[in-house]
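**Q** Spelled out from the first residue to the last, the chains are:
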Amino acid sequence: MGTVWKVFHYQFRDLIRGRALAGYTLFFGAATWGLLHLGGGPVRALPSLATLVILVVPLVSILVTTTFAYGSEEFTELLLSHPVGRGRLFAGLYLALTVPLAGAFLLGLGIPFLAGGGAAGGLGGMVALGVAGALLTAVFASLGFLIAVSVHDMARGAGLALLVWLALAVLYDGVVLVVAHQAAAYPLERIMLALMLLNPVDVGRVLSLMALDVSAMLGYTGAVFRDFFGGATGVVIALASLVAWAVVPAWLALHRFRHKDF
Amino acid sequence: MATLPLLAATLLLLSTPPAAPGTGTSGDPGPVDASRLHTVGAAGTFTTITEALAAAAAGDTVLVAAGVYAEPTLIVSVPLTLIGEEGAVLDGEGERGILEIRSDSVTVQGFLFRDTGISFTDDRSAVKIDRVRFCRVEGNRFEDTFFGIYLANAGDCLIADNDLSASGDRETRSGNGIHLWYSVRVRIEGNRVRGHRDGIYFEFVEDSRVSGNDSRGNLRYGLHFMFSDGCEYRDNTFARNGAGVAVMYTRNVVMVGNDFDDNRGGAAFGLLLKDITDSSIRENRFRRNSVALYAEGANRLEVESNEFVENGWAVKMMANSEGSRFQGNNFLGNSFDVSTNSRRAYSTFSGNFWDRYRGYDRDADGVGDVPYRPVRLFSLVVSQNEPVLVLQRSPLVFLVDLVEQVFPLLTPANLTDPEPRLLPLPNPWRIPS
Amino acid sequence: MTVSADPATLEVRGLCKRFDSRQVLDTVDLDFQPGCITALLGPNGAGKTTLLKCVLGLVRPDEGTIRLGAQEVNGQGAYREEIGYMPQLPRLPGNLTGWEMASMLDDLRTFTGTPDEDLIDSLEVREEMDKPFRLLSGGTRQKVNAALAFRYGAPVMILDEPTAGLDPLAAMTLKEKVRAERERGRTILVTSHNLGELESLADQVVFLLEGRVRFAGTLDSLWADTSQTTLEGAIAELMRRNGRREAGAESRTGTVEGTPSMEVA
Chain E
1 MGTVWKVFHY QFRDLIRGRA LAGYTLFFGA ATWGLLHLGG GPVRALPSLA TLVILVVPLV
61 SILVTTTFAY GSEEFTELLL SHPVGRGRLF AGLYLALTVP LAGAFLLGLG IPFLAGGGAA
121 GGLGGMVALG VAGALLTAVF ASLGFLIAVS VHDMARGAGL ALLVWLALAV LYDGVVLVVA
181 HQAAAYPLER IMLALMLLNP VDVGRVLSLM ALDVSAMLGY TGAVFRDFFG GATGVVIALA
241 SLVAWAVVPA WLALHRFRHK DF
Chain X
263 MATLPLLAAT LLLLSTPPAA PGTGTSGDPG PVDASRLHTV GAAGTFTTIT EALAAAAAGD
323 TVLVAAGVYA EPTLIVSVPL TLIGEEGAVL DGEGERGILE IRSDSVTVQG FLFRDTGISF
383 TDDRSAVKID RVRFCRVEGN RFEDTFFGIY LANAGDCLIA DNDLSASGDR ETRSGNGIHL
443 WYSVRVRIEG NRVRGHRDGI YFEFVEDSRV SGNDSRGNLR YGLHFMFSDG CEYRDNTFAR
503 NGAGVAVMYT RNVVMVGNDF DDNRGGAAFG LLLKDITDSS IRENRFRRNS VALYAEGANR
563 LEVESNEFVE NGWAVKMMAN SEGSRFQGNN FLGNSFDVST NSRRAYSTFS GNFWDRYRGY
623 DRDADGVGDV PYRPVRLFSL VVSQNEPVLV LQRSPLVFLV DLVEQVFPLL TPANLTDPEP
683 RLLPLPNPWR IPS
Chain P
696 MTVSADPATL EVRGLCKRFD SRQVLDTVDL DFQPGCITAL LGPNGAGKTT LLKCVLGLVR
756 PDEGTIRLGA QEVNGQGAYR EEIGYMPQLP RLPGNLTGWE MASMLDDLRT FTGTPDEDLI
816 DSLEVREEMD KPFRLLSGGT RQKVNAALAF RYGAPVMILD EPTAGLDPLA AMTLKEKVRA
876 ERERGRTILV TSHNLGELES LADQVVFLLE GRVRFAGTLD SLWADTSQTT LEGAIAELMR
936 RNGRREAGAE SRTGTVEGTP SMEVA
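Residue numbers (this note's numbering), protein chains in the order written: chain E, 1 to 262; chain X, 263 to 695; chain P, 696 to 960.
The hints are simulated quantities; they were obtained by calculation from the structure and are not laboratory data. Fair warning: this is a prediction, and the values are worked out from it, not measured in the lab. Warning: the hint list may mix true and false statements.
[Said to hold, decoys possible] Dumping the calculated DSBU-like pairs for lysine-lysine here, alpha-carbon to alpha-carbon at most 35 Å: (1) P:K743 x P:K870; (2) P:K872 x E:K260; (3) P:K870 x E:K260; (4) P:K826 x E:K260; (5) P:K826 x P:K743; (6) P:K743 x E:K260.
[To be verified] Chain E stretches covered by chain X per the calculated footprint, using a threshold of three residues with CB under 8 Å from any CB of chain X: (7) 47-55; (8) 137-145; (9) 148-154; (10) 167-175; (11) 188-197.
Virtual Cβ for every residue (Gly too), placed ideally from N, Cα, C.
If we strip away everything but chain E, and leave its shape as in the complex, we get:
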């Protein structure tokens, strides 16, 4: 654990001094503030904010992570020439990137919300959005690391990262739409629920929808989703899906990192 902490400590210090992270915080800070103040209060602003979070957090997380992982390859080699275990080094680097990213996001979201007295309305929704965003950060950081350790060439890696984001954030839903259209004759609610639980972006989106947008989940479908997410089991399963999406790629990346030739 010592090594993990040390790597984390210094890498974290390097990152938080950079402007990029502050920019990220500012972006969400401005968006949250703007929507809260110009968008008609927390109840109306939060759904729009959720849409932004679900779109931007995965994109930024995966791109920042891949470029960071490629950019720090030489530094990683240098560290590995010292008596440092690869697994621990990886864990340190992963945390040093994920924690500041998630932290920057949470600060950007939280400060204007709390400062603007938004706590009165929609605190629960805000917490849900924060949790979803933080977990999505971890998910896409894991995917980013996995891409970086799997693809040697940085340009191809960054392209692949964009593609993965596009696939999960947009194309997947397109496929779901087509599947639903083809199978319109069958009762689809359970299938849709399962399909949503398989994609981390959809899990994040649905979780924040359930918490934020009372009008979004309607009819029988909405009732099925409400029943599912209304109980602890459903929320636990949804969170488990996000955690699995964070852990499995990170574990694969770690495995590859351990056996990688630099």
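Here the structure of chain E is known, so what remains is to put chains X and P in place on it, guided by the hints.
**A** Just chains X and P now, kept in the frame of chain E:
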């Protein structure tokens, strides 16, 4: 407090027969004729209401002191006034209906009716009003009654300020709060109904008026009426009912100033209109309903100055509805503003405020220069295949809607609001700032 | 196999490494002795970097063994306590200072001894050590890089293009430091494109071509073998020799001095 019912009884005694609805309760002041007042209770003339009713003649008053009265079903067959003092409880013991009014001009007030038990065969009711006129049921409480107040073939009655709450957990184990069947000129005012199957139920009722009631948390409909022409619904609140409010097979309905809130769930509607003609829906407020206004086979509706806020669907019009006009309504924070299952529009929208409208107003007359198209492609997809709803707010859906806005192929091209307002319109719910 | 008593003896036996279809290292056998500077030579893609990375544990060989004193290099990191590595112009975290980098490495090595800060003074970078890397010029970064590499007085030093980007004065200073380390009995491996520099520094030469050791021996034996008097000439001769042979008879077997007899593909 305990003297109040007595005072009321005294006043009521002065007019014989008791006032019909609309004529008011005031009469000539005069001495109370003690022989026409029958008291029931430990200190009263009678120990049971049954005895008192048997002794009472037309125009008499039966005053019931505090206490629990579990008697066989009470039958009122002469015009009289039956008053419960504070704490007077009529208990059906889960076995039977409690009171049947079989005479015109009967007034019942101040009682707590409780526990009728459940029976489908006799429409078990706390108060049953059958084939009579000029009756009043006022200021009573009803707890765990199957049907609360049941009117059949009644006329010119007043049901006011009652509080009905049942704890039914299934539709099949629960009756309606206030139930009217084949009745005319009935006024339902200021009642609170909770936990029944339908809060207020009308079937074959005419020229009646429902106002100032609060019907919420009922298992099925807050208000359910069918084949009831010429009725008016004003200033009621219908909230958190299993399926909202349903209005069916009726013409000339007026619904004004009602509040439809939080009717959510599998098949919940703020207001469901089925086969409704020539009706007016004005100045109502619909908030947080799955579907605020659903219209099927509804023709020539005037939907004006309503407030649609944060509903799933604000307006869902099926293709078999035509000739309706939507004017001066405010649409705010709804997932879908308007949805239809047709590629043609048979109703007109004009001069509404849509919060999604992104047009401009060069001549600054408060009306947007570009028509607004309130139907999103995604809403069309969802209305054909509801489970797709879970893709709401997905980036893909934004793309799909964007494309459709630019190249409308599938949504009704003529369903537009040519004069969208730039600011919300003032209406009773919205004081302009 | 003999196990050296001296922990600084580096022994490479039968090392093979293949990347996809390319044989990057082909049965490499080498010994690096304490108190000796070995220049690692060869054109780009000859396998120099891969060999160094194998020693550092950054690349896992397909076959063969590497021993450092009594320890076998087998994926465990502890042996790297004995190694100081100066990578070629590495990109370091831009917002950290030299000192922070140093204390990070101190922490990672759990180093409790007295660090060797000779180069910090002789290269005059003590003040620059307080500035974040992104503000430093390439030359200064390389100076800090050198100072960090020599900081732990490791018995084995691996220097990849150590003087690249350095001004002549700094390069001199660094070479003096390398010689001084030799006198302390360090085992030193150097790669460089500057052959003149290597000629003045190296005791031994290893020449790699297409993953094979084509020459390994002292400078004197190189002169004798190639009838040349400069490294440049000797290398040219070695390349010519191997090129001609490969262009000539494919099945011919031959030996290169300093290596056991090898089959030629």
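**Q** Run every hint past the structure and note whether it holds.
**A** Now for the hints, and whether the structure bears them out:
1. P:K743 x P:K870: Holds, because 20 Å separates the two Cα atoms, which is no more than 35 Å.
2. P:K872 x E:K260: holds (34 Å)
3. P:K870 x E:K260: holds (33 Å)
4. P:K826 x E:K260: Distance ~33 Å between P:K826 and E:K260 Cα, so the pair holds.
5. P:K826 x P:K743: holds (33 Å)
6. P:K743 x E:K260: holds (18 Å)
7. 47-55: Three-residue rule met by the region 47-55 of chain E, so holds; n is 5.
8. 137-145: Not satisfied, violated; 0 residues make the cut.
9. 148-154: violated (count 0)
10. 167-175: holds (count 5)
11. 188-197: This one holds; 6 residues, not fewer than the three required, reach chain X with a Cβ under 8 Å.
The structure fails hints 8 and 9 (numbered hints given earlier, in ascending order).
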